[in-house]
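Generate coordinates for the entire structure from the input sequences, incorporating the hints supplied.
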Amino acid sequence: MHDRRRVLQWATFARSWWIFDANHQCPFQSANRLCLFLEGKHKPIYHPLSDCGDHVIVINTKHIAMPDRFWRAWRHFHHTQYAGGFQVQRAWQVHREDPTKILKKQIYSTLTGNLLRKGLMARLHLFPEEDVPEGMLRNVSNQIRQVMPVPKTLEDYPIEERESFPRVFEWPEEYVVKDGKEFERQKEYLDEDLSLSKLQ
Amino acid sequence: MVQLSACLLRKIPGPPRIYKRLQTFRLNARYEGRSRNCYVVGQGYQLKSMQYTRVARKNKVLDFKELYNLRLEAAAEEHGIPFRYLWDGLRRMNILLNRKVLQDIAIYEPRTFAGFCELSKQHQVDQGLNLPPHSYPKIPVNTKGML
Numbered sequence: 001m002h003d004r005r006r007v008l009q010w011a012t013f014a015r016s017w018w019i020f021d022a023n024h025q026c027p028f029q030s031a032n033r034l035c036l037f038l039e040g041k042h043k044p045i046y047h048p049l050s051d052c053g054d055h056v057i058v059i060n061t062k063h064i065a066m067p068d069r070f071w072r073a074w075r076h077f078h079h080t081q082y083a084g085g086f087q088v089q090r091a092w093q094v095h096r097e098d099p100t101k102i103l104k105k106q107i108y109s110t111l112t113g114n115l116l117r118k119g120l121m122a123r124l125h126l127f128p129e130e131d132v133p134e135g136m137l138r139n140v141s142n143q144i145r146q147v148m149p150v151p152k153t154l155e156d157y158p159i160e161e162r163e164s165f166p167r168v169f170e171w172p173e174e175y176v177v178k179d180g181k182e183f184e185r186q187k188e189y190l191d192e193d194l195s196l197s198k199l200q
Numbered sequence: 001m002v003q004l005s006a007c008l009l010r011k012i013p014g015p016p017r018i019y020k021r022l023q024t025f026r027l028n029a030r031y032e033g034r035s036r037n038c039y040v041v042g043q044g045y046q047l048k049s050m051q052y053t054r055v056a057r058k059n060k061v062l063d064f065k066e067l068y069n070l071r072l073e074a075a076a077e078e079h080g081i082p083f084r085y086l087w088d089g090l091r092r093m094n095i096l097l098n099r100k101v102l103q104d105i106a107i108y109e110p111r112t113f114a115g116f117c118e119l120s121k122q123h124q125v126d127q128g129l130n131l132p133p134h135s136y137p138k139i140p141v142n143t144k145g146m147l
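Sequence lines, in order, name chains A and B.
Residue 24 in the working numbering sits at position 24 of the first sequence; the count goes up by one each step and never skips.
Residue 146 in the working numbering sits at position 146 of the second sequence; the count goes up by one each step and never skips.
Hints in this document: simulated from the structure, not taken from any laboratory.
Bear in mind that the values here come from a model prediction, so they are computed numbers and not experimental data.
By construction, the Cβ of each residue, glycine as well, lies at the ideal position given by its N, Cα and C atoms.
Any given hint could turn out to be false.
Stated by the list, open to error - Here are the simulated lysine-lysine pairs, BS3-like style, with alpha carbons at most 30 Å apart:
{"id": "1", "chain 1": "A", "residue 1": "Lys152", "chain 2": "B", "residue 2": "Lys138"}
{"id": "2", "chain 1": "B", "residue 1": "Lys60", "chain 2": "B", "residue 2": "Lys100"}
{"id": "3", "chain 1": "A", "residue 1": "Lys101", "chain 2": "A", "residue 2": "Lys187"}
{"id": "4", "chain 1": "B", "residue 1": "Lys58", "chain 2": "A", "residue 2": "Lys41"}
{"id": "5", "chain 1": "A", "residue 1": "Lys152", "chain 2": "A", "residue 2": "Lys181"}
{"id": "6", "chain 1": "A", "residue 1": "Lys118", "chain 2": "A", "residue 2": "Lys41"}
{"id": "7", "chain 1": "A", "residue 1": "Lys62", "chain 2": "A", "residue 2": "Lys118"}
{"id": "8", "chain 1": "A", "residue 1": "Lys41", "chain 2": "B", "residue 2": "Lys60"}
{"id": "9", "chain 1": "A", "residue 1": "Lys118", "chain 2": "A", "residue 2": "Lys105"}
{"id": "10", "chain 1": "B", "residue 1": "Lys65", "chain 2": "B", "residue 2": "Lys100"}
{"id": "11", "chain 1": "A", "residue 1": "Lys152", "chain 2": "A", "residue 2": "Lys62"}
{"id": "12", "chain 1": "A", "residue 1": "Lys118", "chain 2": "B", "residue 2": "Lys60"}
{"id": "13", "chain 1": "B", "residue 1": "Lys138", "chain 2": "A", "residue 2": "Lys41"}
{"id": "14", "chain 1": "A", "residue 1": "Lys41", "chain 2": "B", "residue 2": "Lys100"}
{"id": "15", "chain 1": "A", "residue 1": "Lys181", "chain 2": "A", "residue 2": "Lys104"}
{"id": "16", "chain 1": "A", "residue 1": "Lys104", "chain 2": "A", "residue 2": "Lys152"}
{"id": "17", "chain 1": "B", "residue 1": "Lys65", "chain 2": "A", "residue 2": "Lys118"}
{"id": "18", "chain 1": "A", "residue 1": "Lys104", "chain 2": "A", "residue 2": "Lys62"}
{"id": "19", "chain 1": "B", "residue 1": "Lys65", "chain 2": "A", "residue 2": "Lys41"}
{"id": "20", "chain 1": "B", "residue 1": "Lys58", "chain 2": "B", "residue 2": "Lys48"}
{"id": "21", "chain 1": "B", "residue 1": "Lys100", "chain 2": "B", "residue 2": "Lys138"}
{"id": "22", "chain 1": "B", "residue 1": "Lys48", "chain 2": "B", "residue 2": "Lys65"}
{"id": "23", "chain 1": "B", "residue 1": "Lys20", "chain 2": "B", "residue 2": "Lys58"}
{"id": "24", "chain 1": "A", "residue 1": "Lys178", "chain 2": "A", "residue 2": "Lys152"}
What the hints assert, rightly or not - Calculated from the model, a selection of chain A residues having no Cβ within reach of chain B, i.e. all distances over 10 Å:
{"id": "25", "residue": "Arg6"}
{"id": "26", "residue": "Gln87"}
{"id": "27", "residue": "Leu116"}
{"id": "28", "residue": "Pro128"}
{"id": "29", "residue": "Gln143"}
{"id": "30", "residue": "Thr153"}
{"id": "31", "residue": "Arg167"}
{"id": "32", "residue": "Pro172"}
Right, dumping it as structure tokens:
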């Protein structure tokens, strides 16, 4: 084989590394897209018998956005195989214990259930924040497009723009404005007082 | 009855029975046990295998079509256009390549395939059709109205 053709062959079948930013992304839609890259279905040379999947690094899994009321309604089940060993956890409880678990489980269940799945999962690298090891980051050659646009928060707008925005009315001086942390306080209160059995 | 001579009056024998049996043995050669060595046992196996083959002949086509679709979706998405838009554009431009040839081009002639994608995008934009937001051509192609 000619030298150039030989290198083409290597380049075609080389395992490349991708990075995906899960900030404000739906885990269900993200899992569908990430599975394509893990299985190699993003390449025109794909064949179910040739192991042509890629490595995927996912950052900011702590900041995923569940749709609708799924933080409270989506449940993770576990059974220890002993009598009375059934456990249920809500998404927000699972996410607080391990910020990568929801996305990991979702990708695991989206992949086809065969003997390749364990190997494919080993090529998935999840990080709750952006602190990826430098050696891993050096391999990355491309970025996976996000599944939905990241919404802008109030803090993203400059102060001048915020204050120049037309107002219907202004708060009276003695009015106490909410600081937006009521839900977190409520969550802590729930964790202390309510056991898991009550939530079921 | 046409009997032109006395020798044609007798019953004319067919080919020897062994040839029919050899055909069965040949078809069952890859089996094991009595199904490959005994004619009577092998007959059923031969019949069943031919039934399976008939079904598989159709399924093979469907399997390949599914594989081609997967590959073409991947190849088109590399150039930022969903495959159904590319397929639609090619039909509109009267480029009547089938899925097999298209996926061969995508693998062995990637630059040609990229050209198809760009032309398809541009043609659909020229005709005033809607594309997904990430699929609009970044560099406009000058088609000179020839598509």
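Now for the hints, and whether the structure bears them out:
no.: 1; hint: A:Lys152 <-> B:Lys138; verdict: holds, 26 Å
no.: 2; hint: B:Lys60 <-> B:Lys100; verdict: holds, 14 Å
no.: 3; hint: A:Lys101 <-> A:Lys187; verdict: holds, 20 Å
no.: 4; hint: B:Lys58 <-> A:Lys41; verdict: holds, 24 Å
no.: 5; hint: A:Lys152 <-> A:Lys181; verdict: holds, 19 Å
no.: 6; hint: A:Lys118 <-> A:Lys41; verdict: holds, 17 Å
no.: 7; hint: A:Lys62 <-> A:Lys118; verdict: holds, 23 Å
no.: 8; hint: A:Lys41 <-> B:Lys60; verdict: holds, 20 Å
no.: 9; hint: A:Lys118 <-> A:Lys105; verdict: holds, 12 Å
no.: 10; hint: B:Lys65 <-> B:Lys100; verdict: holds, 8 Å
no.: 11; hint: A:Lys152 <-> A:Lys62; verdict: holds, 18 Å
no.: 12; hint: A:Lys118 <-> B:Lys60; verdict: holds, 29 Å
no.: 13; hint: B:Lys138 <-> A:Lys41; verdict: holds, 25 Å
no.: 14; hint: A:Lys41 <-> B:Lys100; verdict: holds, 17 Å
no.: 15; hint: A:Lys181 <-> A:Lys104; verdict: holds, 28 Å
no.: 16; hint: A:Lys104 <-> A:Lys152; verdict: holds, 26 Å
no.: 17; hint: B:Lys65 <-> A:Lys118; verdict: holds, 28 Å
no.: 18; hint: A:Lys104 <-> A:Lys62; verdict: holds, 12 Å
no.: 19; hint: B:Lys65 <-> A:Lys41; verdict: holds, 15 Å
no.: 20; hint: B:Lys58 <-> B:Lys48; verdict: holds, 16 Å
no.: 21; hint: B:Lys100 <-> B:Lys138; verdict: holds, 28 Å
no.: 22; hint: B:Lys48 <-> B:Lys65; verdict: holds, 26 Å
no.: 23; hint: B:Lys20 <-> B:Lys58; verdict: holds, 28 Å
no.: 24; hint: A:Lys178 <-> A:Lys152; verdict: holds, 20 Å
no.: 25; hint: Arg6; verdict: holds, 16 Å
no.: 26; hint: Gln87; verdict: holds, 38 Å
no.: 27; hint: Leu116; verdict: holds, 16 Å
no.: 28; hint: Pro128; verdict: holds, 28 Å
no.: 29; hint: Gln143; verdict: holds, 13 Å
no.: 30; hint: Thr153; verdict: holds, 23 Å
no.: 31; hint: Arg167; verdict: holds, 33 Å
no.: 32; hint: Pro172; verdict: holds, 44 Å
Checked against the numbered hints given earlier, the structure satisfies every one of them.
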